[in-house]
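2 protein chains.
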Amino acid sequence: MRDVAIIGVSQTKFGELWDTSFRDMITEAGLKAIQDSGIKGVDLDAMYVGNMSAGLFVEQEHIASLIADQAGLNPLPCTRVEAACASGGLALRSGIMAVASGYHDIVISAGVEKMTDVVDPTPIVATASDQEWEAQQGVNFPSLYAMIARRHMYEYGTTREQLAMFSVINHKNGARNPLAQFGMEITIDQVLNSSIVADPLRLLDCSPITDGAAAVILCPAEDARKYTDSPVYVKASTQASGTIALHERKDITTIDSTVHAARKAYKMAGLTPKDIDAVEVHDCFSINGLLAIEDLGFVEKGKAGPFVEDGMTEIDGQIPVNPSGGLKSRGHPLGATGIAQAAEIVWQLRGQAGKRQVKDIEVGMTHNIGGTGGTAAVHILSN
Amino acid sequence: MRDVAIIGVSQTKFGELWDTSFRDMITEAGLKAIQDSGIKGVDLDAMYVGNMSAGLFVEQEHIASLIADQAGLNPLPCTRVEAACASGGLALRSGIMAVASGYHDIVISAGVEKMTDVVDPTPIVATASDQEWEAQQGVNFPSLYAMIARRHMYEYGTTREQLAMFSVINHKNGARNPLAQFGMEITIDQVLNSSIVADPLRLLDCSPITDGAAAVILCPAEDARKYTDSPVYVKASTQASGTIALHERKDITTIDSTVHAARKAYKMAGLTPKDIDAVEVHDCFSINGLLAIEDLGFVEKGKAGPFVEDGMTEIDGQIPVNPSGGLKSRGHPLGATGIAQAAEIVWQLRGQAGKRQVKDIEVGMTHNIGGTGGTAAVHILSN
Chain A
1487 MRDVAIIGVS QTKFGELWDT SFRDMITEAG LKAIQDSGIK GVDLDAMYVG NMSAGLFVEQ
1547 EHIASLIADQ AGLNPLPCTR VEAACASGGL ALRSGIMAVA SGYHDIVISA GVEKMTDVVD
1607 PTPIVATASD QEWEAQQGVN FPSLYAMIAR RHMYEYGTTR EQLAMFSVIN HKNGARNPLA
1667 QFGMEITIDQ VLNSSIVADP LRLLDCSPIT DGAAAVILCP AEDARKYTDS PVYVKASTQA
1727 SGTIALHERK DITTIDSTVH AARKAYKMAG LTPKDIDAVE VHDCFSINGL LAIEDLGFVE
1787 KGKAGPFVED GMTEIDGQIP VNPSGGLKSR GHPLGATGIA QAAEIVWQLR GQAGKRQVKD
1847 IEVGMTHNIG GTGGTAAVHI LSN
Chain B
1487 MRDVAIIGVS QTKFGELWDT SFRDMITEAG LKAIQDSGIK GVDLDAMYVG NMSAGLFVEQ
1547 EHIASLIADQ AGLNPLPCTR VEAACASGGL ALRSGIMAVA SGYHDIVISA GVEKMTDVVD
1607 PTPIVATASD QEWEAQQGVN FPSLYAMIAR RHMYEYGTTR EQLAMFSVIN HKNGARNPLA
1667 QFGMEITIDQ VLNSSIVADP LRLLDCSPIT DGAAAVILCP AEDARKYTDS PVYVKASTQA
1727 SGTIALHERK DITTIDSTVH AARKAYKMAG LTPKDIDAVE VHDCFSINGL LAIEDLGFVE
1787 KGKAGPFVED GMTEIDGQIP VNPSGGLKSR GHPLGATGIA QAAEIVWQLR GQAGKRQVKD
1847 IEVGMTHNIG GTGGTAAVHI LSN
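As you go down the protein sequences, you meet chains A and B in turn.
Be aware that the first sequence starts at 1487, since it is given in our numbering, and climbs by one per residue.
Be aware that the second sequence starts at 1487, since it is given in our numbering, and climbs by one per residue.
Hints are computed from structural coordinates only; laboratory data are not their basis.
Mixed in with the good hints, there may be bad ones.
Repeated chains share a single entry, so a pair holds when one copy, or any two copies, can fit it.
Stated by the list, open to error - Pairs of lysine-lysine, DSSO-like flavour, derived with a Cα cap of 27 angstroms:
| id | residue 1 | residue 2 |
| --- | --- | --- |
| 1 | K1841 | K1518 |
| 2 | K1499 | K1518 |
| 3 | K1787 | K1518 |
| 4 | K1736 | K1526 |
| 5 | K1789 | K1499 |
| 6 | K1658 | K1499 |
| 7 | K1753 | K1841 |
| 8 | K1736 | K1841 |
| 9 | K1787 | K1658 |
| 10 | K1499 | K1753 |
| 11 | K1841 | K1750 |
| 12 | K1526 | K1845 |
| 13 | K1658 | K1712 |
| 14 | K1526 | K1750 |
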């Protein structure tokens, strides 16, 4: 197995990009990542693209071919990878394997989602849940995560304020990220007084509907310094599956796929949670940010609420969580999120994160999940 | 790079499977492949699933998670791969890379499509073309391939009867394949008198709408004999992209992605077209069967018509093409086709193909394309 390095990253502005098409976004992200990496487009050997549902959002499947074509990259092998909101994480992992296998040398792993071209994205996002047992019965993602939140509050005494604090810290960080969808800070009171979406979750607990794309360039670790003075190395790339439907779980306050993927990642990297200097977690809803902190091993099960409330996840805290602003503030273009997380960790490791820079960071982690945890992907990156 | 072997294969019956759901089909294919391989389900390390458009066909994305769950395989890492009708070929290739990289040891690569749960599948299939420049302008796949056929007839004198002959041979083979959708032989007259779909293509030039699934089990070549006495080895796995839209091509009678993927495959395997003893080609329409024979290098450009007419592609001909019956007779459940092609070549190499067995076969090839050739995947397999 060849070791793999990241030599270039990019992210488009995230937001409601009315003037920018699916094709425009992914091409912009790809070209910026190529520029960032020091390679030329012709050096590319293969492309992987994470995308959840271009078929339903823009009536276009076969998007890897479309992208290769639009970017002038034919006959480059291009492959779409899909695992709902974890599509980006799996596109990253597929690219890593393509390089590790020796099949390809320089690979671009990208992610993209155009969510604002439809009147109602909610039923489309709901196709990430169990269609027959969940979506068709009228339950969508806010209500699934609301049940998880209620149970977490019941089991562990997690408070409404603690959930709110997760969003507040996200926005504090995101306000320092020029590529974030929401660049404003918010207060606990604003979260607590925002509209109810699915009790106990309110509007400011929920990640938004977002257009955007991101990309990373990978190469064999031994070649990385040919292209850049600041390579970032892939220490672990893991993935696990869990039940797609919530009702099948023994305990809905733990996401088993995260636990499995994290355990494998620490083993692969030879590290423990204490070695991680910053983490980008999948906070599609505030409660999922808390679950991630627990399931990744940063605190014991049930202790994330007080941990967040005490400021331990702020940029200068014990474990900085979502320095980018996370899904809540940076935005959540489904297929792009896993790649944007990796881009953020690379910028942090390079010391290029500006006003949101984590100090003395040597090792970072990304955590990307699909649905309510049917899929989880975990990556550990280091200088 | 580790060498990779196939130790188990399966295919469900292909057809209009009204009593069988998406979940049922893929689970059946997976379990049969496991039984065929000599492994146990718990030995599996990862799964890749090729599927074009479950989002539009059955309103379900995140299908890899659904399948892992349905088959009781959690926390197995499961990934969906999509490249329109080449989704199966790329799922096979992703599985091969996962084993070659050392990330995983025993991998199942499967493919599935449930196409008959919608009133009109044509607009869904059309999302494999360029939505903005083709599908939204009213052109669908029969009409795209009709233009290719017309041009091929104009450039090279290919006749209507030669196109028909491709379907006739497919059905002759498929009538000997108990898993084929259409188990009856047809005549040239029947093809020529079948309904016009898009002139010059008639109903019996077109592959059908099909439900079905298929699977293969992969492992490191060095371990293959632990599980089976008849391993099949992956000699080449390649992929290329071409323009997604037809109007962008210099010459619509050549599918560049096939040419590129084939050239790389022969190089990777150290073989030439003369070394191939049987090939499964992507004949979504009869004309595409002719293009494949040319673009894969079995005859010069423009010569496929007479070659087929002379019986050179029959099971006992110079190069047996589609012993399974091909997309026309076996059926074409989009995401499953690339895997079913590999299963057929494995059965042929093992001598298990019954009445459609190719004699003295040592090396076989599969050729799977997406859309009108936006993606092509080529595999070479041998004993």
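Hints, one by one, checked against the model:
| no. | hint | verdict |
| --- | --- | --- |
| 1 | K1841 <-> K1518 | within (21 angstroms within a copy, 56 angstroms between copies) |
| 2 | K1499 <-> K1518 | within (12 angstroms within a copy, 47 angstroms between copies) |
| 3 | K1787 <-> K1518 | neither (40 angstroms within a copy, 40 angstroms between copies) |
| 4 | K1736 <-> K1526 | between (50 angstroms within a copy, 25 angstroms between copies) |
| 5 | K1789 <-> K1499 | neither (34 angstroms within a copy, 52 angstroms between copies) |
| 6 | K1658 <-> K1499 | within (18 angstroms within a copy, 56 angstroms between copies) |
| 7 | K1753 <-> K1841 | neither (33 angstroms within a copy, 51 angstroms between copies) |
| 8 | K1736 <-> K1841 | neither (42 angstroms within a copy, 51 angstroms between copies) |
| 9 | K1787 <-> K1658 | within (25 angstroms within a copy, 63 angstroms between copies) |
| 10 | K1499 <-> K1753 | neither (35 angstroms within a copy, 42 angstroms between copies) |
| 11 | K1841 <-> K1750 | neither (33 angstroms within a copy, 48 angstroms between copies) |
| 12 | K1526 <-> K1845 | neither (32 angstroms within a copy, 48 angstroms between copies) |
| 13 | K1658 <-> K1712 | neither (37 angstroms within a copy, 57 angstroms between copies) |
| 14 | K1526 <-> K1750 | between (35 angstroms within a copy, 22 angstroms between copies) |
The structure fails to meet hints 3, 5, 7, 8, 10, 11, 12, 13 from the earlier list, while all remaining hints are met.
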